[in-house]
Structure formats: C-alpha cells, structure tokens
Amino acid sequence: MGQSLATLAIAAGLWGLAAGSSAAPNSGPGGGAIGIPPATARDATADLVTWGLPNGGAEPSGAADAISSDPVARGRYLVDAGDCQACHTNPGGAPFAGARPIGTPFGIIYSANITPDAKTGIGSWTADQFYEALHKGVRADGARLYPAFPYPHFTQLTRADADAVRSYLATVPPILQVKPSNRLPFPLNLRFVMRIWNALYFRPGAFQPDPAKSEAWNRGAYLVQGPGHCGACHTPMNFLGAEKADRAFQGGKLEGWVTLNLTGAERQGLASWSQADLIEYLRTGRNARAAASGSMSEVIYDSTSRMSDRDLEAIAIYLKALPGVGSPSRAPADVAALRAGEAIYVDTCAACHKADGEGTPRFFPPLKGDASLQAKDPGTVVRIILTGTRSVPTPGKPTPLAMPGFAWKFDDQQVASVASYIRSSWNNAAPAVSAAQVGKLRRRYAQGP
Amino acid sequence: MPAPSPPAPVDVVLVGFGWTGAIMGEALTAAGLNVVALERGGWRDAPNDFAVTFDQDELRYYWRHHLFQDVAHDTLTFRNKLDQVALPMRRLGSFLPGAGVGGGGIHWNGQVWRFLPSDFVARSHNLSRYGAAALPPDMIIQDYGVTYAELEPHFDRFEYLCGISGKAGNLKGVVQAGGNPFEGPRSREYPNPPMEMTYGPTLFAEAAARVGLHPFPHPAANMSRAYTNPLGLQLGPCTYCGFCEKFGCGNYSKASPQTTILPVLLARPNFTLRTGCEVLKVELTPDRKHATGVTYIDETGASAFQAASVVVLTAFPLGNVRLMLLSGIGKPYDPRTGEGVVGRNYAYQAMSSVNVFFDDKLINPFIGAGSLGMIVDDFNGDNFDHTAKGFIGGGYIGVVNTGARPIETHPTPDKTPAWGSAWKRAVAANYLKTVSIVTHGAVMSHRTNYLDLDPNYSDVFGRPLLRMTFDFTDNEHRMSDFLTERAADVARAMGGREIKLNRRSGSYDITPYQTTHNTGGAVMGTDPKTSALNRYLQSWDVPNVFAPGANAFPQNAGYNPAGTVAALSYWCAEAITTRFMKSAGPLVQA
Numbered sequence: 028m029g030q031s032l033a034t035l036a037i038a039a040g041l042w043g044l045a046a047g048s049s050a051a052p053n054s055g056p057g058g059g060a061i062g063i064p065p066a067t068a069r070d071a072t073a074d075l076v077t078w079g080l081p082n083g084g085a086e087p088s089g090a091a092d093a094i095s096s097d098p099v100a101r102g103r104y105l106v107d108a109g110d111c112q113a114c115h116t117n118p119g120g121a122p123f124a125g126a127r128p129i130g131t132p133f134g135i136i137y138s139a140n141i142t143p144d145a146k147t148g149i150g151s152w153t154a155d156q157f158y159e160a161l162h163k164g165v166r167a168d169g170a171r172l173y174p175a176f177p178y179p180h181f182t183q184l185t186r187a188d189a190d191a192v193r194s195y196l197a198t199v200p201p202i203l204q205v206k207p208s209n210r211l212p213f214p215l216n217l218r219f220v221m222r223i224w225n226a227l228y229f230r231p232g233a234f235q236p237d238p239a240k241s242e243a244w245n246r247g248a249y250l251v252q253g254p255g256h257c258g259a260c261h262t263p264m265n266f267l268g269a270e271k272a273d274r275a276f277q278g279g280k281l282e283g284w285v286t287l288n289l290t291g292a293e294r295q296g297l298a299s300w301s302q303a304d305l306i307e308y309l310r311t312g313r314n315a316r317a318a319a320s321g322s323m324s325e326v327i328y329d330s331t332s333r334m335s336d337r338d339l340e341a342i343a344i345y346l347k348a349l350p351g352v353g354s355p356s357r358a359p360a361d362v363a364a365l366r367a368g369e370a371i372y373v374d375t376c377a378a379c380h381k382a383d384g385e386g387t388p389r390f391f392p393p394l395k396g397d398a399s400l401q402a403k404d405p406g407t408v409v410r411i412i413l414t415g416t417r418s419v420p421t422p423g424k425p426t427p428l429a430m431p432g433f434a435w436k437f438d439d440q441q442v443a444s445v446a447s448y449i450r451s452s453w454n455n456a457a458p459a460v461s462a463a464q465v466g467k468l469r470r471r472y473a474q475g476p
Numbered sequence: 008m009p010a011p012s013p014p015a016p017v018d019v020v021l022v023g024f025g026w027t028g029a030i031m032g033e034a035l036t037a038a039g040l041n042v043v044a045l046e047r048g049g050w051r052d053a054p055n056d057f058a059v060t061f062d063q064d065e066l067r068y069y070w071r072h073h074l075f076q077d078v079a080h081d082t083l084t085f086r087n088k089l090d091q092v093a094l095p096m097r098r099l100g101s102f103l104p105g106a107g108v109g110g111g112g113i114h115w116n117g118q119v120w121r122f123l124p125s126d127f128v129a130r131s132h133n134l135s136r137y138g139a140a141a142l143p144p145d146m147i148i149q150d151y152g153v154t155y156a157e158l159e160p161h162f163d164r165f166e167y168l169c170g171i172s173g174k175a176g177n178l179k180g181v182v183q184a185g186g187n188p189f190e191g192p193r194s195r196e197y198p199n200p201p202m203e204m205t206y207g208p209t210l211f212a213e214a215a216a217r218v219g220l221h222p223f224p225h226p227a228a229n230m231s232r233a234y235t236n237p238l239g240l241q242l243g244p245c246t247y248c249g250f251c252e253k254f255g256c257g258n259y260s261k262a263s264p265q266t267t268i269l270p271v272l273l274a275r276p277n278f279t280l281r282t283g284c285e286v287l288k289v290e291l292t293p294d295r296k297h298a299t300g301v302t303y304i305d306e307t308g309a310s311a312f313q314a315a316s317v318v319v320l321t322a323f324p325l326g327n328v329r330l331m332l333l334s335g336i337g338k339p340y341d342p343r344t345g346e347g348v349v350g351r352n353y354a355y356q357a358m359s360s361v362n363v364f365f366d367d368k369l370i371n372p373f374i375g376a377g378s379l380g381m382i383v384d385d386f387n388g389d390n391f392d393h394t395a396k397g398f399i400g401g402g403y404i405g406v407v408n409t410g411a412r413p414i415e416t417h418p419t420p421d422k423t424p425a426w427g428s429a430w431k432r433a434v435a436a437n438y439l440k441t442v443s444i445v446t447h448g449a450v451m452s453h454r455t456n457y458l459d460l461d462p463n464y465s466d467v468f469g470r471p472l473l474r475m476t477f478d479f480t481d482n483e484h485r486m487s488d489f490l491t492e493r494a495a496d497v498a499r500a501m502g503g504r505e506i507k508l509n510r511r512s513g514s515y516d517i518t519p520y521q522t523t524h525n526t527g528g529a530v531m532g533t534d535p536k537t538s539a540l541n542r543y544l545q546s547w548d549v550p551n552v553f554a555p556g557a558n559a560f561p562q563n564a565g566y567n568p569a570g571t572v573a574a575l576s577y578w579c580a581e582a583i584t585t586r587f588m589k590s591a592g593p594l595v596q597a
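Those protein sequences? They're chains A and B, same order as listed. The working numbering puts the first sequence at residues 28 to 476. The working numbering puts the second sequence at residues 8 to 597.
I should point out that these hints are in silico values taken from the structure, not numbers from a laboratory. Backbone N, C-alpha and C fix where the C-beta goes; we use that ideal spot for every residue, glycine too. Take every hint as true, because none was put in to throw you off.
Listing some non-contacts, in silico: residues in chain A with all C-beta distances to chain B over 10 Å:
(1) Ser88
(2) Ala90
(3) Pro98
(4) Thr131
(5) Pro143
(6) Gln156
(7) Asp168
(8) Leu203
(9) Pro263
(10) Lys403
(11) Asp438
To spell it out: a stretch of chain B is covered by chain A in this simulated footprint if at least three of its residues, at any positions, have a beta carbon under 8 Å from a beta carbon of chain A; those stretches are:
(12) 241-249
(13) 261-273
Okay, the calculated beta carbon distance ranges per label pair:
(14) B:Val467 with A:Ala370: 46 to 52 Å
(15) B:Arg136 with A:Gly83: 45 to 51 Å
(16) B:Ile414 with A:Ala370: 23 to 29 Å
(17) A:Gly351 with B:Ala216: 55 to 61 Å
(18) B:Pro188 with A:Ala303: 42 to 48 Å
(19) B:Gly49 with A:Ala170: 46 to 52 Å
(20) B:Pro13 with A:Gly83: 36 to 42 Å
(21) A:Ser95 with B:Arg470: 54 to 60 Å
(22) B:Ser428 with A:Ala463: 48 to 54 Å
(23) B:Lys431 with A:Gly83: 51 to 57 Å
(24) B:Arg470 with A:Gly150: 55 to 61 Å
Construct the entire structure; sequences and hints are all you get.
See below:
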C-alpha cells in the first residue's frame with residue numbers, strides 16, 4: 028500500500044509536495060516528523076518549465092489551445108484536460124513513458140507507455156487502433172484493457188478529439204520502456220476476464236449532447252463525463268470496481284482518500300459552493316471554502332489549472348446542475364463527550380482554523396461547512412490529522428501552505444475526539460469517529476513506502 | 008567512476024542563500040539572467056523544520072541552537088583589543104547567524120526599518136552640523152555614497168514583498184499622525200495596518216506621550232492580517248504565539264525568504280539552488296582584477312568549480328568579509344597604518360534596557376510577536392540636538408513584546424539574589440507584571456574595531472577563521488547611558504512599583520545574547536582608499552564581484568539592519584541588470 032500511496036502522491040511540483048506520501052507518522056518531531064520528504068532544490072525545479080510563472084489565477088496561455096484548429100495543439104490541451112500525466116508519467120520519469128504503479132482495490136496495475144516508441148509505446152498503432160483503445164478498451168493486439176484506464180469515460184470522446192490526442196502524443200519523445208507486469212490476483216490477472224466485466228458494466232458510446240441544455244452545460248457534461256473522467260474517483264464503486272451508475276458523483280474512495288460528493292447535496296456536497304467557487308478551486312487549488320488535498324491536488328496541478336476559463340465555467344455549470352443527493356448524516360448523540368476534542372482543537376487547531384471554525388479563507392481552509400469533513404466516511408479528515416497536507420501550488424496561488432501531521436503527538440482517542448468535535452461543531456453534522464477507526468488508518472499510513 | 012562534468016557556466020553565482028541571496032536571485036532572474044545559488048546549509052521549510060506542532064520549543068531552538076551556524080564546522084575568534092590573543096567561539100552567544108536556506112531570515116524577529124536620511128551621510132551631516140571637533144580622531148565614520156532618496160523605491164519594494172504591518176509617519180514629506188514623524192519620506196503607506204497592540208507596549212506609548220515623545224507602532228514583518236504579496240505568495244495572519252526571535256514560523260505569518268520569494272523563484276527555469284555546497288574561494292585571474300567563478304565543496308564532499316560572469320557574495324556579513332580576505336579581493340585593513348579596506352569599519356549594536364515592575368497590572372508578556380511593540384524615535388540618529396552631549400548617533404527606545412519565553416525571561420527587581428528560593432519567588436511574582444523597555448543604539452566605526460584572518464585557528468577545511476577585534480568606545484558608552492536615562496524617564500512615567508536600569512557598561516562581552524546585527528568589514532563608499540565597495544556594492548578591485556549585505560554599512564545605525572540590507576540588495580541588483588550586464592566593468596571610476 029505504501030508504495031502506491033507514494034506514487035499517487037503528487038508527482039511534480041514545489042517542495043516535494045504531498046503530505047503523507049512516504050509517511051512515517053509515528054516518528055518524533057522535527058527533521059522529517061511529517062511524512063513530507065524534505066524537498067531539495069532539484070525536486071522543486073523538476074517539472075516547472077512548462078508550468079509558468081505566477082499569474083494571479085488568470086487563464087494560462089496554453090489554454091487557448093482548447094479551441095485550436097491545429098490537432099496537435101488541441102490534443103495537447105485534451106491530454107491536460109484528461110490528466111493523462113497522472114497515470115502515464117512516473118514521478119521524475121520521462122513524460123508519458125508509463126510504468127507508474129496504480130494502486131487499485133485489487134492490486135497494482137502499471138500504466139502503459141504511450142510515447143510513440145514503436146516497440147514499447149504506441150508508435151505502431153493506427154488511428155483506428157488508438158480510437159478503439161479509448162472507445163472500447165481494446166489494445167492494438169486485441170487484448171482487453173483494465174478499467175483502471177478509464178475507457179468507460181473515454182468512450183465518450185469524439186473521434187476528432189481522439190485523433191487530436193493521438194496527433195499530440197506522436198510529437199512527444201519516444202521512450203523505450205517496457206511496462207512491468209501487473210500485480211493482480213487470479214483470475215483478474217487474465218485479461219479476457221475483462222470481457223465479462225465489460226458485458227456487465229460497459230457500454231461503448233460517444234457523447235450525446237442534450238439539445239434541451241445550453242451549449243456550456245453540454246461542453247461541461249462532455250468534459251466531466253469524457254476526458255475529465257471525474258466519476259472514476261467521485262462515483263462510488265461496487266465490489267468489482269465498477270461505478271454505481273445510480274450514485275453518480277456522490278463521492279467515492281481513492282487510495283484512502285474519501286472523494287468529494289460533487290452533487291448539490293447539503294453538507295457533504297457542493298450546495299454551498301457557487302459557480303465562481305468551483306472555478307476558483309479548479310484554477311488555483313483553493314477557494315473561500317476549501318483547499319484541495321491528496322490526489323485532487325495532482326488533478327488541479329496537472330489538469331484543471333491549465334484549462335481554459337470557458338471550459339472551467341462549463342464544468343462548473345454542469346456540476347452545479349447536478350441534483351443534490353447523498354446519504355444523510357446524523358449528528359452524534361452525546362455532545363458532552365466531545366469536550367476533550369474541543370480542548371485539543373482550541374490548543375492545537377484554532378490558531379489557523381480559528382475558534383469559530385471560519386479559518387482564513389484561501390489560506391487556511393474553514394472547517395465550518397466543509398464538505399469533505401462532513402463525509403460519512405471520516406477517512407479524509409483522519410488522514411489529514413495524522414499525516415498533514417499541503418495546498419497545491421498553482422500559478423494563481425504559488426504558496427504550498429502546509430498543515431503538519433499530528434500522528435506523533437496524539438493517540439487514537441485524541442485524534443478521534445478532535446475529528447468528532449470538528450465534524451459536529453459550527454452547525455457541521457457527521458457521525459462521530461471512533462478510536463478504532465483512527466487506529467486502523469494510523470496503521471495503514473504508518474507502513475511507509 | 009567517471010568524474011562528474013563541471014557545472015555549466017552561469018551569468019551570476021550567489022554565495023549564500025538567506026535574505027540577500029533570495030532577493031538578488033529573484034531580481035536577477037526576473038531580468039532574465041541565469042543564476043545559481045550555492046548554500047552551505049540544507050533545505051528548510053515550515054512543515055518539516057518548524058511546524059506548529061513542535062515549533063514552540065525553547066530548548067531545541069534557542070538553547071540548542073537548532074537553526075544557527077554550527078561552530079564545530081565554522082566559527083570565529085574574538086578579542087576586545089589589538090594587544091590580546093583572540094580565542095575561538097566554541098558556543099555562539101552575542102549574535103546568532105542562521106544556517107541553511109533562508110539564513111537568518113528564518114529566525115529573525117521581522118523588525119523592518121529604514122535608516123534615517125542622515126544615516127546615509129553620517130560623516131558629512133555631522134561635520135556640517137557639529138563641526139570637525141565633534142568627531143574623535145579614531146572615529147572613522149563615512150557616507151554610504153548612496154542616498155535615502157535613491158533607496159526609497161527599494162525600501163518600498165521590500166516592505167510590500169514582506170507585507171509589513173505599520174503606520175507611515177511621513178508620506179511624501181507630509182507628517183502623519185500615529186506614525187514615526189522622524190522617518191524619511193515614504194512614497195506610500197505600509198501594505199498592512201499595525202498589529203493589535205498588547206498591554207505592555209500600550210502602557211509605554213501612553214507614558215511616552217505624556218513625557219512629550221512621539222510613540223508609534225513598530226514596523227513588523229509579522230502579519231496583522233492575511234496578505235498576498237506582489238509575487239502572489241500568501242502569508243497567514245499572526246497568532247501572537249511569541250516564538251519569532253530564534254524560531255521559525257510554522258504559521259506562514261512571518262516574512263522570510265521561504266514565505267515571500269522561494270516558491271516563485273525556485274520555479275523559474277533560469278534559477279538553480281544547490282544546498283550543502285560551501286564556497287571555499289572566489290577564483291580570480293592572475294592580475295586579481297577579474298573573478299572567474301567560485302570553488303566549492305558540494306554535498307558529497309567533492310570539490311567543484313562554478314564559472315560565472317558575476318559573483319555576488321550573499322552570505323552573512325562576517326562570511327562575506329572572510330571570503331573576500333581568503334580570495335584576495337581588495338587589500339586587507341591594517342589598524343596600525345589605517346591602510347587597506349577589507350575588514351575595516353566593523354560595527355555592532357549597543358543595547359540596554361529598563362524594567363518596570365507593577366503590582367497591579369497583569370502584562371501577560373507571553374502574548375507576543377517579534378516586532379509587536381511601540382517605539383519612540385525621538386533619540387535616534389540626529390533626530391535631536393547632540394551639542395555638548397559628547398557623542399553622536401542614537402537609537403530607538405521602545406517596548407517590544409517578543410514573547411517573554413520562560414528559559415530566557417525572568418525579570419527580577421534590584422537586590423534579588425541571582426539564584427535560590429528568593430530568586431524563584433521573585434521570578435514568579437514578577438514574570439506577569441513586568442515591562443521591559445529596550446534601547447537599540449547605534450555603533451560608530453572606530454580605527455581599532457575590525458575583522459581579519461586569525462593567525463592561529465582554522466576551520467574544517469584548514470582555512471583561517473575570521474578574527475573579530477571589537478570593543479565599545481566612549482561614544483557608545485555615553486550614547487547608551489543617555490538612551491538608558493531617556494528610557495528611565497518613560498519608565499518612571501509608567502507608574503509602576505519600581506524600575507531597574509540595565510545599563511550597557513564595560514567592555515563588549517561576546518557571550519550573552521545581544522543582537523545578530525554585525526555590520527561593516529566590506530563597506531560601501533565614495534573613496535577606494537576607505538571603502539571596499541563603491542556605491543553600487545561593487546568591489547573597487549574586482550568589478551565583477553558584488554557584496555550586498557550589512558557588511559556594506561560604514562557604521563551601524565540605531566535600527567535593525569534588515570530593511571536597509573534589503574534595499575541595498577535591490578539597489579545592487581538593479582545596477583547589475585541595468586548597468587553592469589550592458590557594459591561590464593567598474594560602475595564608478597576610482
């Protein structure tokens with residue numbers, strides 16, 4: 028688990044980034060108390076040449092490619108919009124050369140080399156074969172792909188966009204890199220088994236615009252459902268790793284992170300977020316209500332911060348139109364039992380998050396009303412308390428404001444108390460957290476790489 | 008194993024990466040230059056090195072010097088007088104240079120001042136106002152060669168970079184109520200309002216006003232509110248935890264290279280930082296008129312050479328001076344003949360204090376921040392008439408609630424035993440009810456206060472240590488006594504039970520902490536016979552070497568140096584990008 032955590036931690040960016048990526052949360056304070064590798068200058072400058080200089084949250088210059096008539100330029104934009112880097116580039120490795128381990132509930136899958144190398148990449152694939160991979164989840168040699176590659180979403184790409192992506196990928200330097208063997212148990216290690224999975228859960232089909240909706244809504248729907256493949260993380264999955272269609276965008280799990288409910292649900296969803304809040308978050312990694320953590324930091328860094336204003340607006344319009352659904356939360360029964368949590372909060376958390384939970388918007392996120400904090404599953408909040416987190420630096424907001432981990436300082440009961448306290452204060456409401464739940468997560472994140 | 012290829016030549020190499028290194032790096036790369044910074048220490052950032060979960064640890068950071076220069080690796084030797092044998096400092100005391108990325112900018116208080124306009128012309132100003140007789144023969148104060156007006160935009164740039172909390176006292180020549188009426192004219196208000204004032208400084212300000220002085224809030228690099236600086240970097244609001252001085256800030260509330268510059272600078276493709284790299288020497292051509300680059304030991308212990316068109320010394324002032332001496336840049340100063348320039352005009356700071364003990368007022372001094380205080384500037388520089396006073400210069404007086412941390416802070420009244428149960432009772436009775444008024448006095452340069460290479464002691468690389476020869480002179484004693492009396496005037500007006508004067512007396516003692524304001528040694532000026540650097544901080548002798556830093560102060564003023572150091576750095580960077588890179592060579596003809 029540790030290894031996949033590390034690899035799903037933010038790959039590129041300032042200061043080494045992702046909290047908890049190689050966590051050793053039980054070590055003493057100082058000199059690596061927090062599971063953030065001490066960054067060196069080399070880390071910090073690794074992947075930033077194309078990232079651009081601080082721009083106060085303005086649209087980056089490359090975003091104009093969204094509507095370019097040049098397929099290579101548009102393909103590059105779509106590769107960003109699809110966050111292909113996240114899986115197909117190993118941290119510190121050659122772009123798109125794959126071999127990055129992807130943790131799934133079933134085992135480790137290594138991503139494919141999608142550089143134009145003829146032997147180990149996709150240089151010998153025809154345009155039709157490339158489209159078949161996106162559209163049907165079938166490799167050039169006819170083998171079935173695993174849905175860790177989100178073809179159930181990419182199937183919606185238009186043929187023109189798929190061709191544009193291929194045109195761009197043909198321009199990146201070819202890299203000779205053989206994909207390591209996946210580490211999957213029988214029978215999942217047999218690719219033909221995916222035929223059964225596809226028969227159960229997969230329907231190929233290009234995106235169908237809804238003529239009753241606006242052009243912007245349709246663009247947003249296309250980006251979210253197609254290249255953006257948001258549901259891959261934000262829709263809960265069944266025991267076979269297929270998205271539960273009836274619970275689309277209601278929040279799932281990824282590598283231990285509880286992903287946000289993107290619907291208009293109260294408390295756990297985005298009911299309180301405006302369209303502008305959504306755009307600001309996707310552009311800069313933070314807004315007046317929240318700061319991105321975990322894998323979403325990587326999505327913002329590599330993908331959404333690079334998209335056009337128009338596309339971010341379209342995504343926001345589409346998401347804000349999702350009806351508010353989500354499992355209801357119940358308030359904890361015994362508020363008096365939370366006194367210990369309150370005491371810890373006042374001593375330890377209130378300096379940044381403030382006694383009233385209001386935080387300092389865009390700097391230190393408010394806890395009052397926070398959606399991920401009120402998710403039924405406390406995995407994200409407990410993880411952040413144990414291992415810490417950092418705001419993702421973007422051209423709009425380049426400071427990687429960080430919260431340190433507290434695993435070395437608080438025992439399971441103390442973490443549970445403070446987590447329960449913040450989940451039920453300031454009009455927040457979510458189930459209490461138990462010491463046993465914290466202990467389980469602590470053991471998980473203490474394993475290290 | 009094949010030898011690694013040498014680093015590619017660059018436009019500029021920076022030696023040291025604290026405030027001056029970060030400022031120069033940002034300004035030079037913004038102009039398109041290719042810059043490498045070499046820092047002998049390691050990387051530092053808030054969540055790893057001084058997180059809120061463990062930052063408030065006086066034992067680790069203050070007593071055990073967690074963020075300071077490691078004297079087992081490199082130190083200095085010290086003596087008061089020319090006829091003494093200097094001994095090495097095996098534990099730092101009086102001053103605490105930082106180590107690692109960010110340098111002293113990590114553990115400073117954040118006190119950001121502009122020196123007075125007259126401070127930049129100290130010699131000519133005092134001569135014209137008081138006549139030649141006012142300056143003793145061995146007092147070798149000088150003009151900077153750059154004026155306050157020339158530096159104003161650069162002061163302003165640094166204050167906005169840092170998000171200084173304060174109140175302007177002079178906007179474009181118009182005195183402003185509530186600010187420092189003595190300060191030089193500034194082009195605009197501070198970017199943030201003053202901090203919330205606590206009880207001790209408030210009592211001081213009220214009493215100071217009653218005795219006819221002009222109190223104002225200390226300009227602070229501690230944030231009075233959340234701030235986003237011109238580079239887009241974010242600083243959080245200060246929590247008044249009282250752990251600035253000698254500590255990093257885990258809350259992003261104190262301006263430092265890390266919070267105000269580095270995330271942007273490190274992302275620039277034309278900038279590279281190498282940590283764990285100690286520069287041994289600036290290499291010169293055989294005629295000693297041109298630097299070719301620097302030789303350094305990298306983090307693996309291997310020797311390397313970084314070629315550069317320009318070498319900028321951005322280490323601590325003592326480090327800059329030592330490197331010039333080791334490299335043969337400029338002629339070493341000889342106090343017996345008065346000849347030579349490198350090592351000349353070393354100066355420091357003259358501090359004293361007055362305690363006011365109350366019976367009925369809970370001061371709660373643990374609520375603090377590095378620059379949280381109220382100040383009067385009526386007795387600084389030449390803000391008052393020095394006729395017949397027997398000294399020149401001055402200093403500010405004020406109450407700065409830096410946090411009264413318990414290992415360091417145990418105020419006791421006069422006649423209290425120094426230890427034992429009576430001492431404990433006195434500390435317990437007075438800790439919460441004491442206000443300390445500090446005086447922050449200037450030090451003029453003197454013929455026998457200087458820096459050179461030690462003849463006896465060397466560092467881990469076998470290089471001679473720097474030797475400091477320093478003592479306070481009559482000028483400092485008289486000035487500090489005068490400031491202490493003026494502080495006592497205010498102390499008496501504060502209405503406490505009793506006061507206690509802690510005078511600056513006797514020879515300089517390098518062991519107790521005073522301030523880390525070491526200045527001079529490679530000073531700027533108008534005459535190559537009395538200054539190592541010209542008005543652009545450029546070496547007179549090796550024109551592609553620049554040395555911005557407090558080493559350039561010809562004498563020290565009655566203020567904390569960082570604001571002026573930063574302004575000089577921006578001024579230097581502008582000279583490099585707009586003048587030197589267009590036409591390499593001396594920017595001022597000797």
